[in-house]
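Protein chains in written order, with my numbering: chain A, 1 to 357; chain B, 1 to 275.
None of these hints come from the bench; they were simulated from the model.
In this text the structure is predicted, and so the values were computed from the model without any measurement.
Keep in mind that a hint or two might mislead.
Within a straight-line C-alpha distance of at most 20 Å, the following computed SDA-like cross-link-like pairs (lysine to any residue) qualify [as the list claims (entries may be wrong)]:
no.	chain 1	residue 1	chain 2	residue 2
1	A	Lys179	A	Gly218
2	A	Lys131	A	Gly85
3	A	Lys131	B	Arg195
4	A	Lys131	B	Val171
5	A	Lys135	A	Met174
6	A	Lys179	A	Gln84
7	A	Lys179	A	Leu200
8	A	Lys168	A	Gly307
9	A	Lys135	B	Arg195
10	A	Lys135	B	Met193
11	A	Lys131	A	Glu118
12	A	Lys131	B	Pro192
13	A	Lys135	B	Pro192
14	A	Lys168	A	Gly138
15	A	Lys135	B	Val171
16	A	Lys135	A	Ala121
17	A	Lys179	A	Glu29
18	A	Lys168	A	Gln84
19	A	Lys179	A	Asp167
20	A	Lys135	A	Asp167
21	A	Lys168	A	Ser197
22	A	Lys131	B	Ser188
23	A	Lys131	A	Ser93
24	A	Lys131	B	Met193
25	A	Lys135	A	Ser93
26	A	Lys131	A	Arg115
27	A	Lys135	B	Val167
28	A	Lys179	A	Asp195
29	A	Lys135	B	Asp168
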Amino acid sequence: MAEIELSARGIGKTFGAFRALADVSLDIERGEFLTLLGPSGSGKTTLLMILAGFQAPSEGRLLSAGADVTARPAEARDFGMVFQGYALFPHMSVAANIAFPLRVRRLPARDINRRVAEMVARVGLAGHADKLPAKLSGGQQQRVALARALIFAPRVLLLDEPFSALDKSLREQMQVEVKRLHEETGTTFVFVTHDQSEALALSSRIAIFDHGRLLQIGHARQVYEQPANRFVAEFLGDINLFSLTDIAAADDGIGGRCEGGEVRLRPAAPIAGGRAILAVRPEHMTLAPLPGQNALPAVVERRTYLGASTRLDLRTPGGAALTLTLATHSLAGGPDRGQTVRVFWPEDRGFLLSDGA
Amino acid sequence: MRHAAAPLLLAPLLLLLGGAYVVPFLGVMRWSVTLPVPGFGQYVRLFTDPLVLSVFLRSFRICAIVTTLSVIAAYAICCIWVRGAPALRIIAEFCILVPFWISLLTRAFGWVALLSSRGLINTWLQAAGLIDEPLPLSQNEFAVILGMTHFLIPFAVFPLASAMRAVDERVLLAARGLGARRARIFWSVFVPMTRAGLIGATMLVFVFALGFFVTPAILGGGRSIMLAELVYVRIFQSPDWGLGAAISVVLVVLVGGLLALLFRLVRPAQLVGAR
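In isolation and in its complexed conformation, chain A is listed as follows (with noise of 0.2 Å):
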């Protein structure tokens, strides 16, 4: 078991009428990258600016190495904050955008001006130090915040979606620019984004939010994997969702009826009554046939070129819609609009989720 840095027990908050956040608890491991996933709305960064100390929290408490730090001010808790827009100070320098915590900590000026120099260089702005912020693109002020964020070595890193305003190819840039800071500084970094390939590409573990509440959190494999319910499949990528009734025992696994035809699967956990959500990542699914695979009879409605890839959304006899992406090169002369084919899928790729969520 991991060391615990900052633990949230039974976190709350109300503006208002309004539930930002309803007993969230959730520990945050020592030197993990952990993500606040939810759609916007869903209280992330409320629990972040909780964290931060920037708001109090309506109930429950925080916990920092087993001390109560749910009281204590934002300037003293020694977290770094990278914000949304980056909020760095239009009048100062990047230097002395970066030097200012330090600064604000007294430090002799011989040792803020080596740290920023290394910090200057490790972020990549050598030759800016000097230009305003202002002069600067977006993924450069983007490195100036995280640097000023770093340099006072502060334990946690708190980001709030701190790519949302950087165009597709800097923010994967970025991305693995902070997964390096991550790797290379060893501070615990808590990272709110509403982007599910952003917390996968990035996360040791992701914590996902919906309505203010904390719906699961785990490894981004498990919750990409083994969702919670529905919600969590749904928003962690394209999923295909059908109904799944007579469900029974079977020879190494359960069996049961889906859209007129017997299919098989091997779920994580056994599943209470005869009916459940049957859901299958489109990745996995294929036109391909194995022997001992489920397959289901689907008729094409759209066939999108993307590229490397290419989708394909069908639909079945009973009504359902179903997504495929397949790579290009395998459906060379392949199904047209109007064909219909047969979809395979391994028995272990399928997970069930609970009808009523």
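Starting from the structure of chain A, add chain B where the hints point.
Just chain B now, kept in the frame of chain A:
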């Protein structure tokens, strides 16, 4: 609004400015070089006459003090107006707007009623037995500075409020998150970020103060004459139109220069709160 007739909408204003200010001012300029004899003699006098020079110096000194006091007071009021608790905001707004509805003259006489030797303050202090002789609160520079500052604070408020509203709240949060305490955030982050407003407020108030007439005339008691009053005296009391005209021209050029400098440093829209 892009329309061929759009410039026409400006016409009334331009006609008013031209008819009421530009044409008469050209007349004043002519006086300054023709009265009593043609030449630049009045301008030479302006820079050599010890009386005129002393009035210039006093005006600049008073204006500098008034500007400093008004801008500091306005900054404090603005902080409450823009960033204070809702109840305080309403009080601040009231304090800013009410003076605008009361005439300059009324306010000057209000100060006379408070400050004169038989005014409220001296009467109360004497009645309370704290002083024997009335304090010299009026008919002097102190009264002029007080009255002018009081009048000019609201003018400093608008550029400052505009600059303060433009400050991104997240930048202040960031400063806190990086470990800065309130005083540090105020002096190292907030004040520098409102620099444009400070420059605008300072120049605006200084320019206004330079042309003040009523307040110095009423509260100064003829002893703390400022430039506008000197012009008045030269035109209406001692028939010395040439010198009065020359002072006016210098004053207009000075104000024009300051305004030009101001608009180089800040966008005009920042001064009135537009964004």
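Practice task
Hint by hint, work out which the structure violates, then give me just those numbers in ascending order.
Solution key: none
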